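Given the coordinates of chain A, assemble chains B and C onto it according to the supplied hints.
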Amino acid sequence: MPTPDALLVIIRHAPHSSNWLREGLDAALVAGAFGQPVHLLFMGQGVMALLKEQGSGGPGQKATLPTIDMLEMYDIDKLWVSEGALQSLQISADSLVENATLIADQQIPGLFQQHAKILNF
Amino acid sequence: MSKTKIYRYLDLQNKYPLDPEGYLVNQAEWDKSVASLMAEEEGLTLTAEHWEVIEVVRAFYQRYEMAPAMRPLVKATKNALGEEKGRSIYLMQLFPGSPAKRIARLAGLPKPTNCL
Amino acid sequence: MILHILTKAPDSNAATQMQQAVGDRDAVMLIEAAVIAALDPSWTAWQQCHARIFLLSEDLIARGLASIAEVNGLPTLEMNGFVALTEQYEKAVTWY
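Residue numbers (numbering that gives the first Met the number 0), protein chains in the order written: chain A, 0 to 120; chain B, 0 to 115; chain C, 0 to 95.
Looking at chain A on its own, in the form it has when it is part of the complex:
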């Protein structure tokens, strides 16, 4: 279970829709670069950031997948994914990157309580 001083970053927006996702991942990386333990929770359309088949989109648009893969180099290896979000988007867990961990929606409030700091993107 999470370390009490860990930062929880919540990702709720899909790639290629807005800057929210990028900013959320950047916040996680900066905290990780400082040695702060970081956990990520993907809710709603945010789960789409973990699709392993995603590409890079239009010219000048940065792909998300390389950044997701890079998280482990910043020692960010807890990537929780809302099971309910997957169900409502009809995405199967096998379509996601390896290190994603499903979390039942009933456990989400508990996850919020366990973290001293929460950033919501």
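Bear in mind the hints are in silico, worked out from the structure with no lab data behind them.
Only a predicted model underlies this, so the values are computations on that prediction, with no experimental measurement involved.
Please note that the accuracy of each hint is not assured.
[Claimed, not checked] Result set (DSS-like, lysine-lysine): computed pairs, CA atoms no more than 27 Å apart in a straight line:
| # | chain 1 | residue 1 | chain 2 | residue 2 |
| --- | --- | --- | --- | --- |
| 1 | B | K100 | B | K84 |
| 2 | A | K77 | A | K51 |
| 3 | C | K90 | A | K61 |
| 4 | B | K110 | B | K74 |
| 5 | C | K7 | A | K116 |
| 6 | B | K100 | B | K77 |
| 7 | B | K77 | B | K4 |
| 8 | B | K74 | A | K61 |
| 9 | B | K14 | B | K74 |
| 10 | B | K31 | A | K116 |
| 11 | A | K116 | C | K90 |
| 12 | B | K4 | B | K31 |
| 13 | C | K7 | C | K90 |
| 14 | B | K74 | B | K4 |
| 15 | B | K77 | B | K31 |
| 16 | B | K100 | A | K61 |
| 17 | A | K61 | B | K84 |
| 18 | B | K74 | A | K51 |
| 19 | B | K74 | B | K84 |
| 20 | A | K77 | B | K74 |
| 21 | A | K77 | B | K4 |
| 22 | A | K116 | B | K84 |
| 23 | A | K51 | A | K61 |
| 24 | A | K77 | A | K116 |
| 25 | B | K14 | B | K84 |
| 26 | B | K14 | B | K4 |
| 27 | B | K110 | B | K4 |
| 28 | B | K110 | B | K31 |
| 29 | B | K100 | B | K74 |
| 30 | B | K14 | B | K31 |
| 31 | A | K61 | A | K77 |
| 32 | B | K100 | B | K110 |
| 33 | B | K77 | B | K14 |
Then chains B and C, alone, in the frame of chain A:
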């Protein structure tokens, strides 16, 4: 990244434009001689130990599309070159100051984002 | 104990996700577009967070919803009440 502002040139023939922070404007122009020129300018002589770390950073960029900050740089070095070299002290000795930024520059990459 | 601050309408993704995250002892402050919730006393969050969910008066007044909130018997807080709430809870999470 052709939009990047050219600030000065690395060489007297004006072949290699640099941005205001000294990073290579056209990443595709990078080769070992460019790296050597940059190092020379910094008063650094590149040895085999330097080159293998530069390669680690170039491989990191290839895979993740970002140059590493210090922490992931140490981890990537450890993964590629072993425990002995995968330590910040070792990287500080090779590239004194801010290793993450210096290596990214020498490797012809953009400045690391999230860099401290 | 968390204070959740919702800034989007009750039918938004932000509202749905907030409802998934609210714990038993958490409170909810509805501000900006979220005060549209005054129009819908049957919104599930009213029951879910009973006695710990409030509309911000100023944003109700700005939208002409203050009397509707009163008719619907929904709890409101003034700005200083909101500030007091943020002091009472150890952390706040904003949903936008």
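Legend entry - Restraint status (C-alpha distance of K74(B) to K51(A) at most 27 Å): OK: K74(B) and K51(A) at ~24 Å, within 27 Å.
Legend entry - 27 Å limit on alpha-carbon distance, applied to hinted pair K31(B) and K116(A): violated, 45 Å
Inset, instruction - Starting from K4(B), check that the Cα of K31(B) is at most 27 Å away, please. - result: Distance ~23 Å between K4(B) and K31(B) Cα, so the pair holds.
Legend entry - Restraint status (C-alpha distance of K100(B) to K84(B) at most 27 Å): holds, 18 Å
Inset, instruction - For the pair supplied as a hint, K7(C) and K116(A), confirm whether the alpha-carbon distance does not exceed 27 Å. - result: holds, 22 Å
Inset, instruction - Given the hint that K77(B) pairs with K4(B), test it: the Cα-Cα distance must not exceed 27 Å. - result: violated, 35 Å
Legend entry - Agreement of K110(B) and K4(B) with the hint, judged by alpha carbon distance not exceeding 27 Å: This hinted pair holds, its Cα atoms lying about 14 Å apart.
Legend entry - Proposed proximity, K110(B) with K100(B) (alpha carbon, max 27 Å): holds, 6 Å
Inset, instruction - Starting from K61(A), check that the Cα of K77(A) is at most 27 Å away, please. - result: holds, 23 Å
Inset, instruction - Would you check the hint for K14(B) and K84(B), treating anything up to 27 Å between C-alpha atoms as holding? - result: Answer violated: K14(B) to K84(B) is near 34 Å, above 27 Å.
Legend entry - K74(B) paired with K61(A) [C-alpha distance capped at 27 Å]: This hinted pair holds, its Cα atoms lying about 24 Å apart.
Inset, instruction - Starting from K61(A), check that the Cα of K84(B) is at most 27 Å away, please. - result: violated, 31 Å
Of the numbered hints given earlier, the model fails hints 3, 7, 9, 10, 14, 17, 21, 22, 25 and 33; all others are met.
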